[in-house]
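Got two chains here, separate frames each, mind docking them using the hints?
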Amino acid sequence: KNPSLQNGDKLAAKQIGQLEDNCREFGIRLYGVNSPQRGIVHVIGPELGLTQPGMTIVCGDSHTSTHGAFGSLAFGIGTSEVEHVLATQCLLQRKPKTFEVRVEGKLGAGVTAKDVILALLSKIGIGGGTGHVFEYTGSAIRSLSMEERMTVCNMSIEGGARAGMMAPDETTFQYIAGKEFAPKGASWDVHLKRWRSLPTDPGASYDASITIDANALKPMITYGTNPGMGIAVTEAVPDPARVSDSSERSALEKSLKYMELKPGEQLLGKRIDVVFIGSCTNSRISDLRLAASVLNGRKVAPNVRTLVVPGSQEVKRQAESEGLDRVFKQAGAEWRESGCSMCIAMNGDQLEPGQYAVSTSNRNFEGRQGKGGRTFLASPLTAAATAVTGTITDVRTLLND
Amino acid sequence: MNHFPTIVSRIAPILVNDIDTDQIIPARFLKVTDKAGLGANLFSDWRFHADGSPKAEFVLNQPQYRGAAILLAGNNFGCGSSREHAPWALVGYGFRAVISTSFADIFRSNALKNALLPVVVDPSVHRKLSELVLNDPAAEIVVDLESQTVQMPDGVSVRFPIDGFAKSCLLNGTDELGYLLRFQKQIEEYEQLHFGSGGIAL
Ligand code: SF4
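As you go down the protein sequences, you meet chains U and A in turn.
Numbering-wise (my numbering), the first sequence opens with residue 1 and increments by one.
Numbering-wise (my numbering), the second sequence opens with residue 1 and increments by one.
Hints may contain errors.
Below are the DMTMM-like pairs computed for lysine to aspartate or glutamate, each with C-alpha atoms no more than 20 Å apart in a straight line [to be verified]:
no., chain 1, residue 1, chain 2, residue 2
1, A, 31, U, 248
2, U, 254, A, 57
3, U, 193, U, 213
4, A, 128, U, 169
Far from chain A, by Cβ distances over 10 Å, these chain U residues were calculated [claimed, not checked]:
no., residue
5, 83
6, 201
7, 263
8, 268
9, 336
10, 365
11, 391
A few chain A residues that face chain U, going by a derived Cβ cut-off under 7 Å, partial list only [what the hints assert, rightly or not]:
no., residue
12, 76
13, 105
14, 106
15, 154
No lab work stands behind these hints, which were simulated from the structure alone.
Note that this is a predicted model, so its numbers are computed, not measured.
All C-beta atoms, glycine included, are put in the ideal place defined by N, C-alpha and C.
If we strip away everything but chain A, and leave its shape as in the complex, we get (with noise of 0.2 Å):
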């Protein structure tokens, strides 16, 4: 994994409430043993009609939100299944954040493990932020994880919550198994203290 970069993007605006990953991406994508390609398929129900044609309607297909990596959701985005198919497909189609005012637990989770950020606002500044796309789809903003801050072609700058952790992983470029494998030495001393040569005993 890379060092989390600042972004600064266009934001897509998707305002519906409760996007589950059935819609993120439908459950007949699953069938893979791969996470490439997956970003394709991303909202692809919405994204496309039966013959596989784009729907003009669509944020995505719409030339002017084309390229942002901020995407701009409704409330409680990701409920629904665990599939880490869902930030997959986002990352795979080139979104870095998602900012909504909450998230479904187990996507917060899977995105934080994709190098996807779950950008946490208010209700107000996600208003404010709506309007600015609405207003100006070329607007772009600044998610910066290193200082925690959303910041706005007018100046202003808000900060959101991000566990400390998964912070650290991200802008150091690293996983959880990768935090813990520096400490094998010690994993290994310690297993050899407690269980002796056979491993651990389960």
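One chain only, chain U, in its complex shape (with noise of 0.2 Å):
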């Protein structure tokens, strides 16, 4: 049961009480509260079979780009959009513009899928992508599993972009395979033939690009009060008296202070209150291995309250059968219900004001986490770590132990 529900959340009950009704009415499915498939809609579209290639995908929720990850269009739409999309099954839209991110090389020890996209905000701003729909390309993004490329699609909204695509491929195809809602016996080679004819053309041309060498990247880690800002977790602070554009210069001076940082001060050793692990950005199954690979014989530090957060139930059973939830319990984290939970603190699971978090969710904005709350997101790994020491560490420091 919905913990919110029975300790008489009227407001919500009743937003849950008129989505049901409506599904009912329309004929809709829906994986309502008590469904043992319940979970959050871009982890358990992709776990039930449902996104695939070549797909146009809509829903009211930004991070809807998740579902790019398998060849789809995916974008989030608004309340409207939504209603005229149950009433008519189309949208007008027109072109965005295409920029090509390319990521080349390979992933060193402790660098994610996060420390990826989180690399790529940090390069291109929180505005970087706007009108535009990222396509990922290169050696890195193919090397990726479906999970990770999930995490890396999620956050092309971050950077503004609507959406955000990776060609389909043989990892694509494989994770599809079998799964409830995908296609059987003879339509699945129909659909695999289908499938295959996506990807874009070799030497085509894109309206802006950006190339990221893999193998120099760090764990990643923000700093501010949106998800551009950030920087390796080694690095300091930057200050706002070397930044030459005014009114970026004041939208640096007035993130500081929100999140009550000094220029130059560097993140390492610095002392946090809660690690979040969950969203639709880092909750899937390999997200909480990670975790646990850190976690595993560890003890989180007195000072931190952690909460792992399956992004599914069935997510949740899984970690389960592989006995991740003991080795988050052993280690002293709380491990829940599968939901949103910390990432949008809309149940009960929220910062105290003035609280720092090391939270693998995807928006570090004031207040997102809990009014007067102060983020910084990371990667499972960095927060894992981060959970053990009870400050912000560089993962990698654990990884040599």
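Following this line, the structure appears as structure tokens:
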């Protein structure tokens, strides 16, 4: 049972009740509060095999970009557009510009898909992709698993791009095969043939492009109040005095004031109150395995509250069958029911004013994780390492132990 | 929806870049099933102290900007979540237009569907408007959708871009569904022809 419903959150209960009524009235299948498949839409869509290459997918949530990992055009829309889609099955769109994000090379130990996307955002800024759709290409992208690809595409919107896509390949097809809503039998072969025709032609041109050297990437962390304000975890907080553009300078000053950080300050060693491992960016089984690999045989520091929140009930069951829940609980972390939890602080999981959190979620906006709370975004590895030491930590120092 | 009017108003300046929708309307106010009343929570965490009292230094709490229907904001306004509650809250508060150098894609689309005009201007025009309002908070400007212009007190007028279909919907006081429903007969004929009496085959 959803605790917020039991505790009498009347508004939430009314909202969910209305969703249930509407779905019943119009014959829409709902994976509701008591469904064993319940979870964050961007986790369960792919999990059920509903997300497939070549589809156009819309949803009233900006992280719909996640589904682009399958070579679908997937983007978030608002309530009015949801209404329009439900009424007509179509949506008027203008052709967006294209933006190639090429990531070449091999990620080093301790560097994850989350660090790739945080590195991109730190280079192009939070509005850098506005009006564009990203296509992620290059050897480093090809070697990512589907779950890692979803982590990257998920945060396309944080760069201002409504959608981010990756060409489907054998990794994609293997992931989809056998899933509940995947095509079966002869239909599978028909689909596969079509899916193989989807990738962008070699030599295609883009309206914008950027290349990232995967070999040079380090674990990343944000220091400010938008996801584009990121640095390598070993770097110092930037100094507004060195920013020439006046509006960018005042934005940085405003962020550092909110975060109570000093220019030039090192984040390594900074004391943290909460670690949140979850959200549609990093709550899939591979994310939990990464976190567990660090927490296994270690203890969460006494000053830190650590929440581990699977993205779906299916992820939860899988994690429990692998014994990850015991790893987390023995380390002193909370093992929770699936959902968005402290990513958006609507269910009671929230930061207290002034608290610092390292989170694997996607937004570090002011108050996002609770009014007055301060968020550092990072990978599940960095988050788990920080939980262990109680301070912001370069996970690579624990991997070498 | 009503026909979109010509706006003649003072400007409220919130000259911050990258104002995200979590600031415009924090998530804790989203547990509603009705858009009415969201204006009271617009910019809630910037506008109010923890005890609910207004923060005197925040623009919307300063008397000289009260009643302004035009918001002047920094670059990349409306980034972040797709919540349509953001334009609902802005309109609920009384804004009819937001002027910035750029808007996040989803916000722009949501705004246009709620009779909130996203007005994109060059950085130089933006600077001029900032100076205007900081020097004379009582100065009024005109935002005219029909001619797609912002008209300043010194007589200077600058054009702004807007999607043609969205413009005609706003000027005619209709929305996309309303527009489509005008063709209901043709749609039904088409469906009958292609899908038979069972409606659309999905
Ligand atoms: S996990 Fe966070 S970002 Fe993802 S859908 Fe939930 S609230 Fe939105």
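Exercise for the section: Run the structure past the numbered hints and jot down the numbers of the failing ones, going up. Expected result: Of the numbered hints, 1, 3, 4, 5, 10, 15 do not hold.
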